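Starting from the two chains in their separate frames, assemble the complex, guided by the hints.
For the protein sequence lines, the chains are A and B, in the order given.
In case it helps, my numbering puts the first sequence at residues 1 to 132.
In case it helps, my numbering puts the second sequence at residues 1 to 155.
Think of the hints as simulated: they come from the structure by calculation, not from any bench.
Bear in mind the structure is a predicted one, so any value in this text is a computation, not a measurement.
Some hints here could point you the wrong way.
What the hints assert, rightly or not - Computed, partial: chain B to chain A, Cβ under 7 angstroms:
#1 C23
#2 A102
#3 Q119
#4 E122
#5 T126
To be verified - A short, non-exhaustive set of chain A residues, derived as facing chain B with CB atoms under 8 angstroms:
#6 L48
#7 I86
#8 R102
#9 I127
Cβ atoms here follow ideal geometry from the backbone N, Cα and C, with glycine treated the same way.
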Amino acid sequence: MIWILLGYYLATMSGDIQSPYHSPAILQDIRAGFSQVIHIPEQRQEVLQAIEMIEKKIVKDNKRLLGHLKRADKLIAKGKLVREDIEPIYVEYKSQHIQSIRENTRAMLDIKKKVSREEWEQVFQQILYKGI
Amino acid sequence: MNVAASNMRSLDRERSYARLFLCGFLLLILVMGCHLVSKTPSRDLYNYKFMSKEWKALVREIVEDPDRQANIIESSRITGDGFTKLKIESEEIRRAYLRTLACYECDLNAFEPVLERIQTAEETSTHIILDLLNVVRENTTKEELKLLIKRKLEP
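Okay, chain B solo, but in the shape it has when bound (with noise of 0.2 angstroms):
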């Protein structure tokens, strides 16, 4: 009798300890997870990177000719410029936006010079991380190119 409830309270650590460890297993799923997640770049960060000195840095290390740095080095400085004024720009129209909405009389034709900013803010946007990407490209090797993301993504 004794050995069988012996038996069974070791049964009943072993399974608790089973339970342990999936929690934790979990737990540890959950937190790669979440620092994955977090390390997932947002585009205000890389609009801001193109601006740093660590990626100016990067660039001086990674490729080996003057010129072709220098060349990235401006064409991110141009891109930096870029967002920060697509960035202003997209809040003036966000508050352009929400005036014309407040306005009681204003009917859908009052929105479409909001319309055609959002519309140009766009083109620009497209056409700046267009244009660095191909500056980019065309003053590295492939594998400069390769080290180059490679370690600008690392946070």
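Bound conformation, chain A alone (with noise of 0.2 angstroms):
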């Protein structure tokens, strides 16, 4: 019983993976930003296409790293709450966590390509600007 409450007190600590730095919330605010500034509609629809293939794949990133935090909730659930068996689990979720921002800000980076100087810029000046 102990083990089990523990390993609920831990799932609720480390259950919060959204990443701060790169999340649905921010790709939201950026879509919008994008959808007011192109002004040609077959661009437009190119962009805020990409955008969305981005935000879910992070949707789904997000959830795959959320098992392997849940492996290691288990694992201390069962009772074997020993730092070298739960530390490989998050060491494995860090790393994932990196590359997945890595492959996610690439594709981000992408949408340069489709985009002019002054459109990227004013989109992320408001969004800077509006201090997220």
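Here it is in structure tokens:
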């Protein structure tokens, strides 16, 4: 019982894996920004679709990352609260999180090819000005 | 004829009561579900709880030995401070990430320093959680630990 409670306790501590640096929320702001600044419908459609794809990928990645944390929590719930057992799972989680950010950032940077410098800077100036 | 009509009306009434009951039951489940979800503690809540007076009072109430109490309280303070710093760091990383993304000339290499900061922040987060749990486990009996965790989970 103690281990189940402890597992739940850890699960609630590590359950929030929404990356603050690269979350769908940021992408939604970027999407809203580009939908305002791009006036050519075909170009706008192409950019918005690309952003939507990244959003979906982030959500998918987050689910996979949560699986790692749940795996660690299950170990703990079974009473295996040994640092040597849990740490490798967290290390794997961390490296996959970084890989996910890297891949999704690369996909974001590819959008630069579809927009002008002015459009790009206008969108991000708005976002930075908002002070996210 | 009248008896048949009366029976039909009675049947209709029963059906509408059954529907009403079913709707009420589903509504109750929905409300209970929402209540449970709203009770799910977030990591932020825990971060601040470790620094709260309530947590310290709980440790003093449940853990019998003053030295063991002091160890847990000190470790909680360190954990709370660690999470506060991490939260500030995470805000800064977020801004750094967006600033780099805003830079039109920057390529993926420009994100490396930000990625390193994220990596370090995550390592720190894992260590402070594991460290606190170790201290809590080492300084409590089975019963105390059970009570502490159970009471701590209460909203």
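The hints, checked one at a time:
Proximity of B:C23 to chain A is violated relative to the hint, the smallest CB-CB distance being about 33 angstroms (cut-off 7 angstroms). Residue-level restraint check for B:A102 holds (minimum Cβ-Cβ distance to chain A is 3 angstroms; threshold 7 angstroms). For B:Q119, the interface hint holds, since its Cβ comes within 7 angstroms of a Cβ in chain A; the closest pair sits about 6 angstroms apart. Interface restraint check: B:E122 against chain A, minimum CB-CB distance 5 angstroms, threshold 7 angstroms, status holds.
For the restraint placing B:T126 at the interface with chain A, the shortest Cβ-Cβ distance is roughly 5 angstroms, inside the 7 angstroms limit, so the hint holds. For A:L48, the interface hint is violated, the least distance from its beta-carbon to any beta-carbon of chain B being 17 angstroms, above 8 angstroms. Here the hint on A:I86 is kept, as its CB sits about 7 angstroms from the closest CB of chain B, short of 8 angstroms. Given hint, A:R102 at the interface with chain B, holds; its Cβ is 7 angstroms from that chain's nearest Cβ, closer than 8 angstroms.
Look at A:I127: its Cβ gets to within about 6 angstroms of chain B, closer than 8 angstroms, so that hint holds up.
The structure fails hints 1, 6 (numbered hints given earlier, in ascending order).
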